[in-house]
Amino acid sequence: MSDPLLSVEDLTVTYRAAGKSVPAVRGVTFGLSVGETLGLAGESGCGKSSLANAVLRLLPLGAKTGGKVMLEGEDVLAMKPGRLRAVRWTEAAIVFQGALHALNPVQRVGDQIAEPMLLHDGALTDRAAAAAVKGLLSHVGLPERFARSYPHQLSGGQRQRVLIAMALACDPALLIADEPTTALDLMVQAQVLALLERLRTERGLAMIFITHDLSVLTHTTKRLAVMYAGRIVEEGPSDQLFTAPFHPYSAALTAAFPSIGDPGSRMHPSGLAGDPPDPTDLPSGCPFRVRCPVVEDRCAEIDIRLVAAGEDRSAACVLVGT
Amino acid sequence: MTSITSQRRRKAVRLAVRQFRSSRAGMVGLVILSVFVVIAVAAPLISSRDGLDVIAARAAGNPSWAPPSEFPLLGTDHLRRSVASQFVWGSRVSLFVGLAATVLTMVIGTVIGLTAGFLGGKLEAILMRLTEWFLVIPFLPLAIVLAAILGRSLWNIILVIAVTSWPATARLLRAQVLSVKNRLFVDRARALGSTPGQIVRRHILPNVSGLILANTTLTVPVAILTETTLAFLGLGDPRAASWGKTLEEAFVNGAITRNAWWYYLPAGLGIVAVVLAFSLIGRTLEEIANPRLRSR
Amino acid sequence: MSSLVEVAGVSVRFGAARAVDGVDLTVETGEVLALVGESGSGKTTLIRTILGLQYPTAGSVSFQGKPVPNHGPAARSYRRDVQMVFQDPTGALNPRQTIYEAVAEGHRIHHGHEGEKEKVAEALASAGLRPPERFFPLYPHEVSGGQRQRAVIAGAMILHPKLLLADEPVASLDASIRGEILALLRRLVDQTGLTVLVVTHDLGLAWNIADRVAVMYLGRVVEVGPTDQILAEPRHPYTRALLSVVPEVHHLEPQILIGEIPDPTRIPTGCRFHPRCPVVAGGEADRLGILEMCKSVDPQFLEGVACHASPPHAGGGGT
Chain A
1 MSDPLLSVED LTVTYRAAGK SVPAVRGVTF GLSVGETLGL AGESGCGKSS
51 LANAVLRLLP LGAKTGGKVM LEGEDVLAMK PGRLRAVRWT EAAIVFQGAL
101 HALNPVQRVG DQIAEPMLLH DGALTDRAAA AAVKGLLSHV GLPERFARSY
151 PHQLSGGQRQ RVLIAMALAC DPALLIADEP TTALDLMVQA QVLALLERLR
201 TERGLAMIFI THDLSVLTHT TKRLAVMYAG RIVEEGPSDQ LFTAPFHPYS
251 AALTAAFPSI GDPGSRMHPS GLAGDPPDPT DLPSGCPFRV RCPVVEDRCA
301 EIDIRLVAAG EDRSAACVLV GT
Chain B
323 MTSITSQRRR KAVRLAVRQF RSSRAGMVGL VILSVFVVIA VAAPLISSRD
373 GLDVIAARAA GNPSWAPPSE FPLLGTDHLR RSVASQFVWG SRVSLFVGLA
423 ATVLTMVIGT VIGLTAGFLG GKLEAILMRL TEWFLVIPFL PLAIVLAAIL
473 GRSLWNIILV IAVTSWPATA RLLRAQVLSV KNRLFVDRAR ALGSTPGQIV
523 RRHILPNVSG LILANTTLTV PVAILTETTL AFLGLGDPRA ASWGKTLEEA
573 FVNGAITRNA WWYYLPAGLG IVAVVLAFSL IGRTLEEIAN PRLRSR
Chain C
619 MSSLVEVAGV SVRFGAARAV DGVDLTVETG EVLALVGESG SGKTTLIRTI
669 LGLQYPTAGS VSFQGKPVPN HGPAARSYRR DVQMVFQDPT GALNPRQTIY
719 EAVAEGHRIH HGHEGEKEKV AEALASAGLR PPERFFPLYP HEVSGGQRQR
769 AVIAGAMILH PKLLLADEPV ASLDASIRGE ILALLRRLVD QTGLTVLVVT
819 HDLGLAWNIA DRVAVMYLGR VVEVGPTDQI LAEPRHPYTR ALLSVVPEVH
869 HLEPQILIGE IPDPTRIPTG CRFHPRCPVV AGGEADRLGI LEMCKSVDPQ
919 FLEGVACHAS PPHAGGGGT
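Protein chains in written order, with the numbering used here: chain A, 1 to 322; chain B, 323 to 618; chain C, 619 to 937.
The set of hints was computed from the structure by calculation and includes no laboratory data.
Selected chain B positions facing chain C (in silico; Cβ < 10 Å):
hint: 1; residue: GLN329
hint: 2; residue: ARG505
hint: 3; residue: LEU506
hint: 4; residue: VAL508
hint: 5; residue: ALA511
hint: 6; residue: ARG512
hint: 7; residue: GLN520
hint: 8; residue: HIS525
Backbone N, C-alpha and C define an ideal beta-carbon position, used for all residues, glycine too.
If we strip away everything but chain A, and leave its shape as in the complex, we get (with noise of 0.2 Å):
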């Protein structure tokens, strides 16, 4: 076995907003080897794009981070800032949440996407770079003239294969995805999905695909996690996770995007009681027992880490693993 690209491990992430602690990750430990793809899923507060910024340490000024992150056999945490900055977009990029305020809105595409390529090879002239750029375009399926327009004229769709282009553009082993279809429009999301694996197999790119819909990532990502209340819950091989999950929130979170054509779904719609967890405020014992459907009571008092479930999976739960 190669050994690994990314190897996360302990990583915990904590935040100060007024006056109190929020603890967004709580000890993750995972690996990413070269070219493989690994998928994040859980919703708002789960610590999934605190995550995803810890690698590139793009957190805010005020969080305080612990554990490791091995990129490359660097622990990105304990970077000087030099090194830092070499690293960032060379080794690894991210591609943002296509939103408006993504790109920034007084400046031209191509100029933004040459930015980074300007940043880290000092001896690349303007002219090498505009045509790396108009390359890059045309890599994403966008037409070369795009380099000279502006985001608000771009579509929703566009200015995601602009952030996708700007990630690639120092040509990093490692792709970090942030709930890159979320608010695209359903023909649009499967052309980026298309766009994402197209580009992934001709540059063997290792790939962390973040999102809160876990039916994007069964076709995508070979190996799935689940994370709720920043820890990851269950991890496996994603067809497999999708259609047997052990813990009982991959099962809440699988059921909520319905198979069309399953009758066990029609005309009845599947979801958790209950609220996404208050990271300042977690119950004791398993976060998850507050809406869990086959809670016990052993399972307020057991901070349950992940345990062995089968080959090649984990599930955090007491149910599993016996």
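Here the structure of chain A is known, so what remains is to put chains B and C in place on it, guided by the hints.
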């Protein structure tokens, strides 16, 4: 309003008061302002009106141009009047004109801004052109012309200030009303069947009231400074002993060449202090109304 | 029995943009109709027209056989019959109103203050916010997204409307809460005889709660029918392509369309879908001999579908 809501409102007011108290800038401003308000209100008690009377001053045998070391508290002017009396009574005039002019400005500006923003269409276009017209007129020539036509009285000064200040408020308010009008909850109110009056009352006004309050508090210093300027230029009410009038008389009668600092410094510092106080309070109110303005 | 709502030949133009371009649609009493389409399809404009917030440039909307009034006391009583739930529950609530006031507003407008407290409690409880008194003094930012949407639903239901229009009611909510809100809507329909017209881009939502589905493309309804039928065997190529790319659909080969929905100011001639239509691109239209028709003739809406290649249209093998 139901009791539940009035309970929440009281809680919100208490919270706002607490936030204000925790802001050092705001409290400093409030203290300074309170001092001057007390001086202005208690003027008849602390200083006799006779202090301003030239004839009485002569009769009392006051020296002229006497520094504070000779004549407490603040010396005398060229006509033997007590500068301290002028300071105390001047605070009344300056604060009164400032507040009255501000109220008039806010009323005109709010009504026009609200109407233009909410009703839109041709009316908005007409009102906005009117606003721009007034905005563009140079302040000083207008003030001089109005003073000449209307005569130099305190109420005319208030009118002049209001006429030149309302456009800024109107534009600000119209912009805010437009942004609130386009929010989804206004659509929802229309979907529920609200009349335009109900929408303005329940949805538009509560969401612009914070802006109105902050803008009012920041307009007062502008009005005071404007009155000071007009008085200094000799356009003020000749019978009103405002701080601006004091500065004008000091300047005109050569207090600077005589180095009679006790004549012009108190009034000048008084204006600075009051303007500063209102600005600090206004800024703190803005921060409370709009939490995004608070620095972390 | 006549339909609850009849939309006949409605067009809505904004300058040169034809947001809604000739729509015929009926909504039957007691059903849930899903209006499916991507952005730019005109679906939001259409329901705002049914609600009366938007005036049609052409055509008419009737409610219970009578035209939808747009002013006067008739318009106010129409508001009691037709209500709306919005996509963004946070934006739909005035941040300066308590939940109590937000829900009571509709009642106050039409019935004054009498019996207000009981009505508000009843509406909140039926929307799943229990105990209702706990939510009276809270402001929108003090409750969760799902609870805000329930409050908006309560605010609409307090008037006991006959028709509820829902614009993407769960799009901005977390996945695990989706089901609860959808179940609430379905329960209201089953228990109170409410009719719901829900606008969504999510076909899974239609599968979850809709009796019938209407698919819109660029201002037109291109296909209508029972959910089971449309989602199992779509007839219009757009519906088919849309369904095929839903991640959880396995019975159709994925057809990713090229490009995006055109601007409503530049609607293609002939069938508005023909530049992206897989039937045209794959040559089948040519083989059926309808290619010229697809490019020049706007297909009529016949038997629930507007496509030249589908029966009973010319190319579909029928007459």
